[in-house]
Every structure is written in C-alpha cells, then in structure tokens.
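Mind docking chain B on chain A? Use the hints.
The chain contents come next:
Number of protein chains: 2
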Amino acid sequence: MRIALLGGTGDIGAGLALRFGRDTDHELLVGSRDPEKARTSADEYGTELEDRGLDAAIKGFENAMAADRADVVVLAVPAYHLVDTVEAIADRLGPDTVLVSPAVGMKRDESGFHYNRPGAGSVAALAAEAKPDGVPLIGAFHNLPAGGLADLDRDFEWDTLVFGDDADAKSTVIDLADEIRGLRPLDVGGLDNAAEVESVTPLLINVAMENGGLHDLGVQFR
Amino acid sequence: MRIALLGGTGDIGAGLALRFGRDTDHELLVGSRDPEKARTSADEYGTELEDRGLDAAIKGFENAMAADRADVVVLAVPAYHLVDTVEAIADRLGPDTVLVSPAVGMKRDESGFHYNRPGAGSVAALAAEAKPDGVPLIGAFHNLPAGGLADLDRDFEWDTLVFGDDADAKSTVIDLADEIRGLRPLDVGGLDNAAEVESVTPLLINVAMENGGLHDLGVQFR
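Respectively, the protein sequence lines represent chains A and B.
Heads up, the first sequence is in our numbering, so the first residue is 1 and it goes up one at a time.
Heads up, the second sequence is in our numbering, so the first residue is 1001 and it goes up one at a time.
Derived list of chain A stretches under chain B, where covered just means 3 residues or more per stretch with a C-beta under 8 Å from a C-beta of chain B:
{"no.": "1", "segment": "110–120"}
{"no.": "2", "segment": "184–195"}
{"no.": "3", "segment": "209–218"}
Simulated from the structure, these hints should not be mistaken for laboratory data.
Beta carbons: idealized from backbone N, C-alpha and C, even for Gly.
Okay, chain A solo, but in the shape it has when bound:
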C-alpha cells in the first residue's frame, strides 16, 4: 500500500513515517508544500531506519504529488492548514483514496491547552466538508505524543481511536494502525463522534504539564 503523509515533515508526520517505516512494508510518501523540504525529511527518516538496519521505501514530494500516488492520505498538518491542504490535493483524490485526519485544533490560555472546537463540530468535520464527494474521510492517530512516536527507542502500549462514516475505509485505517507495534486501534463510530476524540489531545498535554515525571503521554482504554 502507498501511504502519503502530508505535512510529513512535522512532528506527527515524522513519528508516523518512522513507525510505518519500521513496522510495515508499505511505501511511504512524505508530503510537504515545499518538495525540497519533503525530500530532506524523507532522507532523514530513511537514514534513521537504515542506521537501525532497516530498508524502508520513503520518498519526498510536494503534497499534491504525494496524494496523487497514494492509497491512504494522512493529513498530518496543523488544524489551521487542514482545509487548505484538502483543497490543494482535491483533484488528485479518487473514491479509492482514503483520507485520514489526525488533526486537532487547540488554543492555550493560562490554565493550559484547550480543544478549539470548530463551528463545523470537529476538525475532522471541517476536512469532510472540504473534500470531494465520494472520498471517504477517517479520523485516526489524534492522541499520540509526537515525541514518543518519533522516538523508535520508546516502546508503548497506546490506543488510537478511529472514526468515520465509511465502514470499508475505516476498516482499512484500523488494519493499518494495527500494524504499528504497540498501537491498538479502537473503533469509535462515526464522524459525529470526532469532537470527543480530538479533545483528548489537549488533555494529554495538560496532564503531562501538571505531573512531573509524566511526558509524551498516550492513552489506553482499559
């Protein structure tokens, strides 16, 4: 399978690239608005995996080029770039492409981080409104700490919550997430359940900030 990680030069993108690179045989396309930056990051991820004796297929492209060639397109961009990014790649997406949103909108005040819920109901709903009809949008990979994900020396047992209204596409993403060692995908229903998933991310940051000794937290349901 070809997986495009748009915004793949960023922190969550790096973590997903390294974990997919280590734990799966999928072809990885790192996307960025700047193709040069995408190639540089792809080379870095490839080098890190080679240093560990792994031979991963990771290449860098401009976002639309990466999306054009992919079966699954992960929108690992900041929430405020999500709609732009979907619009920029829209004509490259077919009904067989699965769009995945891990994006979370947050704001910060004196107390800590807060979920910044868009008027659409969730960040994923914004992406769903912007995408072409017939292309499925699935939410996944929201509540993973970027630092811990990108540190291949860190073992974890984290859950990732997967939601969406297209059962086949959701199943594809659940199977994909399940390939990452230590990650357990859990189905959490449809797109209407997105807000509660997205709002866990600021909570994880607040818990880490307030409790010395805890950092790079994920979550496990048990």
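Same frame as chain A, but now just chain B:
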C-alpha cells in the same frame, strides 16, 4: 475524615461508597433527597462490605444533613441536578468543606454519546457558580465506569483526573482518590481545564459500544 456522597444511591455513588468503604477508614455518609432511600442504600453497601468481612461505617441521610457533617462532599448526582443539589446544601457548607464534582453532562444521538457542554464552560463551572464563595470546588472521579467501580471483584488500574483552583483542596482530593486501590489521581490543573476531562466520559461509552469485548472502560495515561 467524613465523606458525604450526595446522590450516593446512584451508580457512581454506589461505586465510590463501596470502594471507599473497602479501601479506607473514612466515615461515609450516603446522601439522597429521600433520607429513607439513603438509609436503604447505606445498609446495602454496609451489608456487601460485611459479607466480605469488612466493617465499614456507612450511614444514610437527606443530602443537606449528609453535607452538614462532612469534610468532603462528593456531588455524585446527574448533571441536571447539580445546581439544585449545591443550592440545597449551600448553607451547610463552610470554607473547610471541599466540594467535589464528578458530574458530566451528556446527550445521545444516533452516533453515540456526546459531551453536552454547558454555557458556563463545563459542568464543574456550573457547580462553581452555584456554590457559596470561599467553598472550594474540585473536579474528580469523572471517567470511571459505574459498573466496574461498584463491582468489588473487579481489579483495575485507572486514572482519575483532578482539577480545581484551590491547591489545598485539590491536594485533599488527590490524597483521597489515591487511597482507592488501583486508582491513580493525576493533577490536571485548574477549573478552566474541566471540559476536556468531562468529555472523556461519553468517549469511554462510545468506545465500549463500538468494540465488542470491551465494557466498563476506564482510562490510563501512559
């Protein structure tokens, strides 16, 4: 310490009464609007603990009477009764009484359960607005599954997130929660961080509903 569990005849109240009864030596006051119901529930909890060879001090009172005698008052009532309940006990509360809100407002639609955020910003903020000045309000015990909590045969390793603007009162509640076997209290800052904590509860229910084999879920940050 005297702990009043208002709404202590309900599901979360039952779980907290049984766990505090088993794992601590605190005096427990079960509160209800109906004192007869409170006494019946208190007797049931006492009997269950006695059957396990434990001698717990659990008595039932009308809510205001229970609150009057307590160091910590847990508002284990449905979110839509929270303000009523705080108003009904307001003149029994002194600055040394710690009010605790585990309440979460939820609504349900075809997709599942959703956090029903009040205009005040959170359910805890509603209680904070209704309470007398000078009485601290702390949030805790939101994301615990009632059934699992009340089943003393179930061992767990769950986290409970504790928030509030009064550091001493928060510390009291953290210490109290820590006495329940298997429960880890985590500080999550001030009252402004309440919404993200409260919105985990509908998420837990949705995850349990969508994943066969998972039920009575709590959460662990790791």
